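Protein chains: 2
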Amino acid sequence: MEKNSAASSCEEIVRNQQVILRERVRGSPKEADMEVRDGSAKLKVEDGSSGAMWVKNLYLSCEPKTRHLMDTIRPSSPITGFGVARVVDSANPKFEKGDLVWGITGWEEYSLISPSETFFKIEHTDVPLSYYNGLLGMPGLSAYVGFIELCSPKKGESVYISTAAGAVGQLVGQFAKLLGCYVVGSAGSQEKVDLLKNKFSFDDAFNYKEEPDLDAALKRYFPEGIDIYFENVGGKMLDAVLLNMKSHGRIAACGMTSQYNLDQPEGIHNLVNLVLKQVRMEGFLVSSYYHLYPKFLETVLPHIKQGKIAYVEDIVEGLEKGPAALVGLFSGRNVGKQVIVVSRE
Amino acid sequence: MEKNSAASSCEEIVRNQQVILRERVRGSPKEADMEVRDGSAKLKVEDGSSGAMWVKNLYLSCEPKTRHLMDTIRPSSPITGFGVARVVDSANPKFEKGDLVWGITGWEEYSLISPSETFFKIEHTDVPLSYYNGLLGMPGLSAYVGFIELCSPKKGESVYISTAAGAVGQLVGQFAKLLGCYVVGSAGSQEKVDLLKNKFSFDDAFNYKEEPDLDAALKRYFPEGIDIYFENVGGKMLDAVLLNMKSHGRIAACGMTSQYNLDQPEGIHNLVNLVLKQVRMEGFLVSSYYHLYPKFLETVLPHIKQGKIAYVEDIVEGLEKGPAALVGLFSGRNVGKQVIVVSRE
Numbered sequence: 001m002e003k004n005s006a007a008s009s010c011e012e013i014v015r016n017q018q019v020i021l022r023e024r025v026r027g028s029p030k031e032a033d034m035e036v037r038d039g040s041a042k043l044k045v046e047d048g049s050s051g052a053m054w055v056k057n058l059y060l061s062c063e064p065k066t067r068h069l070m071d072t073i074r075p076s077s078p079i080t081g082f083g084v085a086r087v088v089d090s091a092n093p094k095f096e097k098g099d100l101v102w103g104i105t106g107w108e109e110y111s112l113i114s115p116s117e118t119f120f121k122i123e124h125t126d127v128p129l130s131y132y133n134g135l136l137g138m139p140g141l142s143a144y145v146g147f148i149e150l151c152s153p154k155k156g157e158s159v160y161i162s163t164a165a166g167a168v169g170q171l172v173g174q175f176a177k178l179l180g181c182y183v184v185g186s187a188g189s190q191e192k193v194d195l196l197k198n199k200f201s202f203d204d205a206f207n208y209k210e211e212p213d214l215d216a217a218l219k220r221y222f223p224e225g226i227d228i229y230f231e232n233v234g235g236k237m238l239d240a241v242l243l244n245m246k247s248h249g250r251i252a253a254c255g256m257t258s259q260y261n262l263d264q265p266e267g268i269h270n271l272v273n274l275v276l277k278q279v280r281m282e283g284f285l286v287s288s289y290y291h292l293y294p295k296f297l298e299t300v301l302p303h304i305k306q307g308k309i310a311y312v313e314d315i316v317e318g319l320e321k322g323p324a325a326l327v328g329l330f331s332g333r334n335v336g337k338q339v340i341v342v343s344r345e
Numbered sequence: 001m002e003k004n005s006a007a008s009s010c011e012e013i014v015r016n017q018q019v020i021l022r023e024r025v026r027g028s029p030k031e032a033d034m035e036v037r038d039g040s041a042k043l044k045v046e047d048g049s050s051g052a053m054w055v056k057n058l059y060l061s062c063e064p065k066t067r068h069l070m071d072t073i074r075p076s077s078p079i080t081g082f083g084v085a086r087v088v089d090s091a092n093p094k095f096e097k098g099d100l101v102w103g104i105t106g107w108e109e110y111s112l113i114s115p116s117e118t119f120f121k122i123e124h125t126d127v128p129l130s131y132y133n134g135l136l137g138m139p140g141l142s143a144y145v146g147f148i149e150l151c152s153p154k155k156g157e158s159v160y161i162s163t164a165a166g167a168v169g170q171l172v173g174q175f176a177k178l179l180g181c182y183v184v185g186s187a188g189s190q191e192k193v194d195l196l197k198n199k200f201s202f203d204d205a206f207n208y209k210e211e212p213d214l215d216a217a218l219k220r221y222f223p224e225g226i227d228i229y230f231e232n233v234g235g236k237m238l239d240a241v242l243l244n245m246k247s248h249g250r251i252a253a254c255g256m257t258s259q260y261n262l263d264q265p266e267g268i269h270n271l272v273n274l275v276l277k278q279v280r281m282e283g284f285l286v287s288s289y290y291h292l293y294p295k296f297l298e299t300v301l302p303h304i305k306q307g308k309i310a311y312v313e314d315i316v317e318g319l320e321k322g323p324a325a326l327v328g329l330f331s332g333r334n335v336g337k338q339v340i341v342v343s344r345e
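Order-wise, the sequence lines are chains A and B.
The first sequence lines up with residues 1 to 345 when you count with my numbering.
The second sequence lines up with residues 1 to 345 when you count with my numbering.
Check before you lean on any hint, since a few could be wrong.
The list cannot tell twin chains apart, which means a pair is met if one copy fits it or any two copies do.
[What the hints assert, rightly or not] 20 Å max Cα-Cα, derived EDC-like pairs, lysine to aspartate or glutamate: (1) Lys97 x Asp71; (2) Lys236 x Asp263; (3) Lys56 x Asp213; (4) Lys236 x Glu266; (5) Lys97 x Asp194; (6) Lys209 x Glu191; (7) Lys308 x Asp204; (8) Lys197 x Glu109; (9) Lys197 x Glu313; (10) Lys65 x Asp47; (11) Lys277 x Asp71; (12) Lys277 x Glu266; (13) Lys94 x Glu224; (14) Lys30 x Asp194; (15) Lys236 x Glu109; (16) Lys209 x Asp99.
Since the hints were derived computationally from the structure, they do not count as laboratory data.
As the structure is a prediction and not an experimental result, all values here were calculated from the model.
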């Protein structure tokens, strides 16, 4: 009560640069779909906005979900997505001014966070804060849930990961190596392939764009078949994988990025292999697994601190570079987790 | 030892009518792919054929698997498939002369069963023996495994079954009703639809051939979506179902009969819904679940004896009618489980 009664007397009005959605996006996002413009913000939670909070955005995540979220906001609103932020005013009993948090925020300098939005308080600050956009955020939890919880990997099993150099894929591969699996990943450039082999310790990796026959490529890397496929792309890759699954194989479907921007998704022709090979394929949304976040952190933080998990970020400085970074994501321009720095405080 | 030493002195040579595979089948089987001809058999297990047995076939099952098995046998050999038989000579320590058994046998009057073939001894004979081709055989176990074990149904959930009037589908529907689910099935004729509603107590049923828009049909029967889909057909039906699954839905893929005989399977376009709706889709082969057969029998026999499970067979008399029955299966001619009577003893 004290906080709110004081609000009217010391309002702070600040510039609030924003990345605005111009109009509904069709297919892959283009820079012209977005506009960077200056607004302003009064950084006080209004009386009666029970549970809301104002945050100063520090790091924004640029990921396939950002594209999905574009379909859920009204034109002329800011783009939304995961970000790391500092609370500047709070009527939310779970957070107070000064807390570092992460959750879904706006592509702007300051955001008013509604009480219905799930935010996580950042307790461990002895790792780079931007990691909470990736390794220690949704991509990390996605890798953990999809691979560990859904696929129950066992030592010695063969694991294939598409979009392996992406934020989720690179972690799945490293979790798999820590568990003693044989791990091969694919990516869309030689630079990423080198990263997978040299930085992330994959057993092998290949550039799918240079493989005219994906089935043949998979047979080369997995002559005895694939136990676990971590699915990020869908389309022709999934069709080729289905031909190469081992009996009782498992597929965690985290995303099908090759399909999101098509008017008519490609047909998958080899699904009968799910029956013939007794394969389990399970789609998941990380938002259903928030309750596993503490368990995930407990598992992964020691590995990070012992230097057993490598992590690569592709960092652009400045909110105004956000639109180009998002567009680049869909052409595979980024190497590692794409992060936009709004402020280093 | 005694048995074998006696063999040479009392050999029994009998006529053995057989349904022979003429040549490798392309697509759906045609009657011309098969030939009924007379052979002969000496109903004694030869010295040294450790573990083999001769059986007299009584009832043969006609099912999609019969088509698959055609690809695994050499031309000029008899068709193979599940059947109920009586042991007439045995060197298999698990079975003795006179035992009633079921397992994969030949489409012929008498078959020599190799010791590597899995056979089940029939202990309960107070139900029709032909049931061991269906309700109490592989189709029954398939329904149990796919629905109960893989989909973990809960009271009040919405269940959709394609090829619902088939041997497996009719049982899945009845298991679902016993558990308190809402159950809708589809089939390919009005006669089958009536059977589903009147005989098998489905909540509703429709003729998919009369539905120009399967998505619209499913939305009509499942305005709030489908929790569990028991998949028997694949193709366009699966694509429509994917649009109508509820969040955290489950699909047990028992077969994709619409696809087996196509040179190029149809494309499935809506698989991204596995991710968006967090659906688990799992293929299975009943042969991996033989260990559950006793548990299954224990569950289902009381229901049968209490008249709580209805079962419909489409019985043709005589091995020579086998080819037409098998061809009819793929055009949906049969109503209920297709059985061929070889001998009523």
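Status of Asp99 relative to Lys209 across identical chains (alpha carbons, at most 20 Å): For Lys209 and Asp99, neither the intra-copy (44 Å) nor the inter-copy (61 Å) Cα distance is at most 20 Å.
Can you give me the call for Lys277 and Asp71, within, between, both or neither, at a CA distance of at most 20 Å? For Lys277 and Asp71, only the inter-copy Cα distance (17 Å) is at most 20 Å; the intra-copy one is 37 Å.
Open item on the list: Checking an output row: Lys97 and Asp71, CA cutoff 20 Å. Within, between, both or neither?
Closed with: neither (32 Å within a copy, 70 Å between copies)
(message) If the cut is 20 Å between Cα atoms, do Lys197 and Glu109 qualify within a copy, between copies, both or neither?
(response) So Lys197 and Glu109 fail the 20 Å test inside a copy (37 Å) and across (61 Å) alike.
Same-copy or cross-copy closeness of Lys97 to Asp194 [CA-CA at most 20 Å]: Classified as neither; 43 Å inside a copy, 66 Å across copies.
Tell me, please, which holds for Lys197 and Glu313 at an alpha-carbon limit of 20 Å: within, between, both or neither? Intra 17 Å, inter 59 Å, cutoff 20 Å: intra-copy only.
Classify it for me, Lys30 with Asp194: is the Cα-Cα distance of at most 20 Å met within a copy, between copies, both or neither? neither (29 Å within a copy, 54 Å between copies)
When Cα atoms must be at most 20 Å apart, do Lys236 and Asp263 count as within-copy, between-copy, both, or neither? Both: 16 Å inside a copy, 18 Å across copies.
With identical chains treated as interchangeable, where does the CA-CA distance between Lys56 and Asp213 reach 20 Å or less: within a copy, between copies, both, or neither? Neither, since 48 Å and 50 Å both go past 20 Å.
Give the relationship of Lys94 and Glu224 under a CA distance limit of 20 Å: within one copy only, between copies only, both, or neither. neither (51 Å within a copy, 35 Å between copies)
**Asked** Within a copy, between copies, both or neither: where do Lys209 and Glu191 come within 20 Å Cα-Cα?
**Response** Answer is within: at 13 Å inside a copy they meet the 20 Å cutoff, but 52 Å across does not.
Can you tell me if Lys277 and Glu266 fall within 20 Å by alpha carbon in one copy, between copies, both or neither?
Classified as between: cross-chain Cα gap 19 Å, same-chain 23 Å, threshold 20 Å.
The structure fails hints 1, 3, 5, 8, 10, 13, 14, 15 and 16 (numbered hints given earlier, in ascending order).
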